[in-house]
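Q: The lines below spell out each chain.
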Amino acid sequence: MATNTKYLNQAMPVAPGKRLDWPQILIWGMFVMFPLSLLFVLIAPTDVNLQYSQRIFYFHLPANIMCFASFLVYFIGGIGYWRTRKRKWDIVMVAGLELGLFFTLIGILTGSIWARYAWNTFWTWDPRLTTVTIMMVVYVAGLMLRNAIDDPARKAALTAAFGIIGFVNVPLVYFSTRFFPRGLHPVIFGSNGNASNLQGFMNVTLITCMIAVGMLFAYLLIQRIRLEQMRDDVAALQYAYEDEE
Amino acid sequence: MTNLLVFALVNFQEEPLKVTGDVGSGLIYVIAAYAVVWLFIFGYLFSLTRRQANLRREIEALKQAQAQAEHSPLAQAEENRPASISARQLGG
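Those protein sequence lines, which keep their order, are chains A and B.
Residue numbers are given in numbering that gives the first Met the number 0: position 21 of the first sequence equals residue 20, and the series is strictly consecutive.
Residue numbers are given in numbering that gives the first Met the number 0: position 50 of the second sequence equals residue 49, and the series is strictly consecutive.
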């Protein structure tokens, strides 16, 4: 139990009142950006080939970028934990992991719905879709293993190992469309990417959606970190109460 | 869970699609995709808020229990006892 308290004491320091209230700022930002992005999605020009279905892309792409960003947060947390063994990095890891899975699911589901229109199937073992599935399975396995372990230090060490090793999947997913050009999934970025074909107001719409989803990512990350800090508070209070009794 | 989802999606693909004007232009897919996005966002927000509320309640309950324990007659007697004779020394 002493080890546990020592471990918990390493949690992120919370100093309310000394910092900007970022969640509040982000909430107001989202109140402006989300309706604006939805309005832009409605009035954006319709793609000649993909018709209305192209509008799915405005949320599919930001969700996938935030999925990569979340796993990057997880990876950074993993490196930080291996170097310092401090609880604050464990909190960063678990927040990144959960958010990564959340955004991956959004990306996969919106992609599947779009694929039903564009490829006439919800799912195909295209290189991009296959690598995304492998990436998700690896991270889900990491989360399940984490939940199965009671010892906080072992739990964090295992999560860090998954965060560092599992991150190999992220560049693999990104470059899968270039490594396997025969796949169905289009290349998005670069000179021959689909994103460069967006014209005029389509770009404005995409950037607006990116900002809105980016704000959502930041807000959820802060809230997820707070949740872990509250768990630490509960554990510390329980320890203090038991000690007093 | 993922495998089930993948299995369901793979099996679902064989079903023929009724083509209407909305389906032809992809509008129905746009509506479905945005419905999924918002369902997920609100679902996750709800889950986060609920988990935070539960923990907040737990923190309050523990603080109250701690305060009650501090003000109990036993704790007050322990406080009034001379420092040289603690409860531990008395075998308490």
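Rather than coming from a laboratory, the hints here were simulated on the basis of the structure.
On a predicted model such as this, the values are computed, not experimentally measured, just so you know.
From the three backbone atoms N, C-alpha and C, an ideal C-beta is built for every residue, glycine too.
Among these hints, one or two may not hold up.
[Unchecked claim] The calculated label-pair distances, taken between Cβ atoms and stated as ranges, are: (1) Arg153(A) with Lys62(B): 42 to 48 Å; (2) Gln63(B) with Leu171(A): 49 to 55 Å; (3) Ala66(B) with Asn146(A): 56 to 62 Å; (4) Val47(A) with Thr48(B): 39 to 45 Å; (5) Leu71(A) with Ser24(B): 32 to 38 Å.
[What the hints assert, rightly or not] Chain B stretches covered by chain A per the calculated footprint, using a threshold of three residues with CB under 8 Å from any CB of chain A: (6) 25–32; (7) 35–47; (8) 53–60.
Q: Please test the hint of 49 to 55 Å on the beta carbon pair from Gln63(B) and Leu171(A).
A: Holds, since Gln63(B) and Leu171(A) (Cβ atoms, about 51 Å apart) stay within the stated range.
Q: State, for the Cβ atoms of Arg153(A) and Lys62(B), whether the hinted interval 42 to 48 Å holds or is violated.
A: violated, 30 Å
Q: Given that the region 25–32 of chain B was listed as covered by chain A, double-check it with a C-beta distance under 8 Å for 3 or more residues.
A: It holds: at least three residues are needed, and the region 25–32 of chain B offers 6 whose Cβ sits within less than 8 Å of chain A.
Q: With a Cβ-Cβ cutoff of 8 Å, does the region 53–60 of chain B contain at least three residues near chain A?
A: holds (count 4)
Q: Indicate whether the distance between the beta carbons of Ala66(B) and Asn146(A) respects the range 56 to 62 Å.
A: Given range 56 to 62 Å: violated, Cβ gap about 33 Å.
Q: Could you see if the CB distance from Leu71(A) to Ser24(B) stays within 32 to 38 Å?
A: 37 Å Cβ-Cβ, so the 32 to 38 Å window holds.
Q: Establish whether the coverage given for the region 35–47 of chain B by chain A is satisfied; the threshold is a Cβ-Cβ distance below 8 Å, and no fewer than three residues must meet it.
A: Contact hint for the region 35–47 of chain B vs chain A: holds, 7 residues under 8 Å.
Q: Verify the CB-CB distance for Val47(A) and Thr48(B) against the hinted window 39 to 45 Å.
A: The hint (39 to 45 Å, Cβ to Cβ) holds, given that Val47(A) and Thr48(B) are roughly 43 Å apart.
In terms of the numbered hints stated before, the structure departs from hints 1, 3, listed from lowest to highest.
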